[in-house]
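Undergrad: Residue numbers (the numbering used here), protein chains in the order written: chain Z, 948 to 1053; chain R, 2 to 119.
Just so you know, the hints here were simulated from the structure itself, not pulled from any lab data. Since this is a predicted model, take the numbers as computed values, not measurements. By construction, the Cβ of each residue, glycine as well, lies at the ideal position given by its N, Cα and C atoms. Certain hints may be false.
To be verified - Each pair of labels, with its calculated beta carbon distance range:
#, chain 1, residue 1, chain 2, residue 2, range
1, R, N75, Z, R965, 41 to 47 Å
2, R, Q14, Z, P987, 39 to 45 Å
3, R, R88, Z, K989, 41 to 47 Å
4, Z, L1041, R, K17, 23 to 29 Å
5, R, K77, Z, D997, 30 to 36 Å
6, R, V3, Z, A961, 31 to 37 Å
7, R, V3, Z, S959, 31 to 37 Å
8, R, N85, Z, P1006, 39 to 45 Å
9, R, S118, Z, V962, 39 to 45 Å
10, R, G43, Z, Q971, 22 to 28 Å
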Amino acid sequence: DIQLTQSPSSLSAAVGDRVTITCQATEDINKYLNWYHQEPGKAPRLLIYDAFNLEPGVPSRFHGSGSGTDFTLTISSLQPEDLGTYFCQQYDDLPVFGPGTKVDLK
Amino acid sequence: QVQLVESGGGVVQPGKSVRLSCEASGFRFSSYAMHWVRQAPGKGLEWVAVILYDGSKQYYTDSVKGRFTISRDNDKNTLFLQMNGLRPDDTALYYCARDRGADAFDVWGRGTVVIVSS
């Protein structure tokens, strides 16, 4: 089974900071990776699909990259509403989520 | 507007059963595969099951195979999750989610809580 790891598991950043989260798969998953953001107490929201495509309505400060086994989500300028947990999810096989990266304000 | 509303959760004893429902509105339900995803308290997301748009195929995560059954009624725009043989580690917030293609979950409900406890 394909598994995902994320790093870091948590981070603290200031408003305006550039934030980078990585997701690594145990096997080559091509571009079959999505990213979600979950604010506390809310359902997840799809941000990025197919590794780098921005979901309609998602701010352009979010950027996805990577293919194969290594992927990155970058927030170019962190905003207060970006706090919460970010999950990657692969769909090369049955869906699997990464363990999440919690982002809070420094 | 596009919406998913889950119901049916509650407190249930180990070994017992519960049936979750997810009512869809604002889109053509019969055109989309649908998923259940759960989140244990303070934990991450765990994919549970998927059913194709026409109900022809279902797939499950290993931990629920043989215990949970996903189904749908396209005439009533409703997704179901029959959960049998419940265990304490099934305790979670259960979300239904729309698959808009390639397992991208673009619409989520607010979830319904299942607590398995004696």
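Undergrad: Compare the structure with each hint and give your call.
TA: Status of the hints after comparison with the structure:
1. Between R/N75 and Z/R965 the Cβ separation comes to about 45 Å, which falls inside the hinted range of 41 to 47 Å.
2. Checked against the hint of 39 to 45 Å, the pair R/Q14 and Z/P987 fails, with Cβ atoms roughly 30 Å apart.
3. Remark: the range hint 41 to 47 Å for R/R88 to Z/K989 is contradicted by a beta-carbon distance near 27 Å.
4. For Z/L1041 and R/K17, the Cβ-Cβ distance of about 27 Å falls inside the hinted range of 23 to 29 Å, so the restraint holds.
5. A C-beta distance of roughly 32 Å is found between R/K77 and Z/D997, which places it inside the suggested range of 30 to 36 Å.
6. Between R/V3 and Z/A961 the beta carbon distance is about 35 Å. The supplied range of 31 to 37 Å therefore holds.
7. The hint said 31 to 37 Å for the Cβ distance between R/V3 and Z/S959, and at roughly 34 Å that hint holds.
8. Distance hint check for R/N85 and Z/P1006: the Cβ-Cβ separation is about 43 Å, which falls inside the suggested range of 39 to 45 Å.
9. Checking the proposed 39 to 45 Å range against R/S118 and Z/V962 shows it holds: the Cβ atoms sit about 41 Å from each other.
10. Taking 22 to 28 Å as the suggested C-beta distance range, the pair R/G43 and Z/Q971 conforms, at roughly 23 Å.
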